[in-house]
Each structure stands twice: as structure tokens, then as C-alpha cells.
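Peer 1: Here my numbering = 1-based position in the sequence shown + 19.
None of these hints come from the bench; they were simulated from the model. Fair warning: there could be bad hints in the mix.
With a straight-line cut-off of 30 Å between C-alpha atoms, the simulated BS3-like cross-links for lysine-lysine are [said to hold, decoys possible]:
no.: 1; residue 1: Lys56; residue 2: Lys102
no.: 2; residue 1: Lys21; residue 2: Lys41
no.: 3; residue 1: Lys31; residue 2: Lys102
no.: 4; residue 1: Lys41; residue 2: Lys31
no.: 5; residue 1: Lys56; residue 2: Lys35
no.: 6; residue 1: Lys102; residue 2: Lys146
no.: 7; residue 1: Lys56; residue 2: Lys21
no.: 8; residue 1: Lys41; residue 2: Lys56
no.: 9; residue 1: Lys21; residue 2: Lys146
no.: 10; residue 1: Lys146; residue 2: Lys56
no.: 11; residue 1: Lys35; residue 2: Lys102
no.: 12; residue 1: Lys35; residue 2: Lys21
no.: 13; residue 1: Lys56; residue 2: Lys31
no.: 14; residue 1: Lys31; residue 2: Lys21
Model, not experiment: these values are computed from the prediction.
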Amino acid sequence: MKGYNANELPEKTIEKYEQMVKNQIQPNNVTYLLIFKAYGECVRLGKEKSVHIDVTKNNNIDENNLVIQTALIDMYDKMGDVKRAEEIFTRILNRRNVVSFGAMMKCYNVNELPERTIELYEEMIRKEIEPDNERYLYNTV
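Please model the complete structure; the sequences and the hints are all you need to start from.
Peer 2: So, in C-alpha cells, the structure goes:
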């Protein structure tokens, strides 16, 4: 799956995921990270119509894993689905870090919502989460 993603063949990654589900093989967190990336890439490459899965309906996704939740924000960002990205961001309210803030700020910027990016950046500062150069870049794009 990682090889397919690296070679810009995200639809193949998703096919493998579908085979896993069909064969009742339980995906793990690494699998979900690869699937979220693949789905986001399908959207970016204009191939989203070839993908018909909703991995977020799977009850096995670890809602306490900040890496997984941030990857979901990134996937929804690539899909242009700000509302669902915000739902995930709200769900991780007490566990947010500089990376999750950055993912949500990027989502706002990519979807032409710079005022929300600024509000989020100010919230991050109020919560004494130290931004890095990447977060400064998101805030100014």
C-alpha cells in the first residue's frame, strides 16, 4: 500500500484495503494512515469518482490517536470538506498540538477561509502552543 501511494497509484492502495475488508482482515492504524493519504490523493489527482469507500464508518478507527485524527483532517482538507475536518478537530479539543492546529489552518487556507486560519492561530497562541516555521507559513499563505 505504501508503495502504491509512493508511486501515485492511490486507487491501488484503496483496492488492497477493500480486499482486506472483504477478507475480514482488520486494518491497523498504519493501514488507516495509508488509506487516508490514498483517498486524499485520489481527490487531488481527479480520481475520486473511482473510489467508493467511507473508512470513517469503521468502528476500529482509534479516535484517541492524534496522528490518525490529524490524518483525517488532512484527508478532508484535500476533499474540500471543511465541515468534516472541523468535526474531527472539535473531537480532539483537549489533545490538539502544533501539528493538528497546522493541519486545520492549512484546511482553512486551501479552502479560502483565511479569517478562520487567523482565528485558529490566535487560539493556538492563547493556549500557549508554540508555532513552528511551518505554522507561520500556513498563517501567511
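Peer 1: Give a verdict on every hint.
Peer 2: A quick look at each hint next to the structure:
Simply put, Lys56 and Lys102 have alpha-carbon atoms about 19 Å apart, close enough for the 30 Å limit, and the pair holds. With a C-alpha separation of about 20 Å, the suggested pairing of Lys21 with Lys41 holds against the 30 Å cut-off. Of the pairs offered as hints, the one joining Lys31 and Lys102 holds, with about 28 Å between alpha carbons and a cut-off of 30 Å not exceeded. A C-alpha spacing of about 15 Å is found between Lys41 and Lys31, which places the hinted pair at or below 30 Å, so the restraint holds.
Restraint check for Lys56 and Lys35: satisfied, since their Cα atoms lie roughly 14 Å apart, inside the 30 Å limit. Our distance criterion of 30 Å between C-alpha atoms is met by Lys102 and Lys146, whose separation comes to about 23 Å. For the proposed pair Lys56 and Lys21, the alpha carbon gap of about 10 Å is at most 30 Å, so the pair holds. For a cut-off of 30 Å, the pair hint linking Lys41 to Lys56 stands: about 21 Å separates their Cα positions.
Taking the CA atoms of Lys21 and Lys146, the gap is about 35 Å. The hint is violated against a cut of 30 Å. For the hint linking Lys146 to Lys56, the alpha-carbon distance of about 29 Å falls within 30 Å, and the restraint holds. Straight-line distance between C-alpha atoms of Lys35 and Lys102 comes to about 28 Å, which keeps the hinted pair within the 30 Å bound. Among the hinted pairs, Lys35 with Lys21 is consistent with the structure: their alpha-carbon atoms are about 11 Å apart, no more than 30 Å.
Taken as a hint, the Lys56 and Lys31 pair is honoured in the structure, with Cα atoms around 12 Å apart against an allowance of 30 Å. Our distance criterion of 30 Å between C-alpha atoms is met by Lys31 and Lys21, whose separation comes to about 10 Å.
Of the numbered hints listed earlier, the single one contradicted by the structure is hint 9.
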